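**Student:** Residue numbers (this note's numbering), protein chains in the order written: chain X, 1 to 115; chain A, 1 to 110.
All clues given are correct.
DEER-style ranges, computed between Cβ atoms:
1. A:Ser51 with X:Gln83: 37 to 43 Å
2. X:Asp18 with A:Asp3: 28 to 34 Å
3. A:Gly82 with X:Glu44: 25 to 31 Å
4. A:Gln80 with X:Gly59: 31 to 37 Å
5. A:Asp3 with X:Leu39: 18 to 24 Å
6. A:Asp78 with X:Gly51: 38 to 44 Å
7. A:Phe50 with X:Ser73: 26 to 32 Å
8. X:Ala2 with A:Thr81: 26 to 32 Å
9. X:Val115 with A:Ala41: 22 to 28 Å
10. X:Arg22 with A:Gly40: 15 to 21 Å
11. A:Glu14 with X:Gln80: 45 to 51 Å
12. X:Gln80 with A:Met55: 43 to 49 Å
Take a look, some chain A residues computed to stay more than 10 Å from chain X by CB distance:
13. Ser11
14. Val12
15. Gln57
16. Arg60
17. Ser73
18. Ala77
19. Asp83
Just so you know, the hints here were simulated from the structure itself, not pulled from any lab data.
Here the structure is a predicted model, which is why all the values come from computation and not from measurement.
For glycine and all other residues, C-beta sits at the position ideal for the given N, C-alpha and C.
Listed below, chain by chain, are the residues.
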Amino acid sequence: GAGVSQSPSNKVTEKGKDVELRCDPISGHTALYWYRQRLGQGLEFLIYFQGNSAPDKSGLPSDRFSAERTGESVSTLTIQRTQQEDSAVYLCASSLAGQSDYGYTFGSGTRLTVV
Amino acid sequence: GEDVEQSLFLSVREGDSSVINCTYTDSSSTYLYWYKQEPGAGLQLLTYIFSNMDMKQDQRLTVLLNKKDKHLSLRIADTQTGDSAIYFCAESQYGNKLVFGAGTILRVKS
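Sequences are here, hints too, so could you generate the full structure?
**Tutor:** Right under this line is the structure:
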């Protein structure tokens, strides 16, 4: 597609439930990133996929968080047993590997609210 | 580890210049970026600079890089109300895993 697409745009869930967030990167972008933005804060790196390499999971805050990516396409971020502190906007971005001068293209994010 | 810091808030009058500052700690940073985030929207890449440059100009935007002091700034000339947004500084090594600052809220008063 023309841009990075994320769904749902908003999600309200009860504490303790699992949620799954989806990201469709720009076609042909081999690199995909997930970030979290808490209210009034900067972006916190979560996970990075690059082609068929093992993902960089160093930013995942706990083992309740996991992410998968099928080939060079869709990625899903799963949060198990959600907690109130998981409430944030989850942003996905993609880029062409090696094209550092373009930075990333971000999606509009999924706003997650845990009640 | 890597760290990027920015001032939290800047208020300017319409027509004045805005200067948003950023410092970073990773001396091996190769690219430095400025992103803009408008309310309810995703992040938009404004401009970037490679670490072997010290200045880059793009229309109303001027980026200055002092690599020795690890200091980056974004100057917006003739600031307009449409420039009101949060501005994020970010750094990376060869385009991998951008590390972002907490963002600077720019408020433009008419």
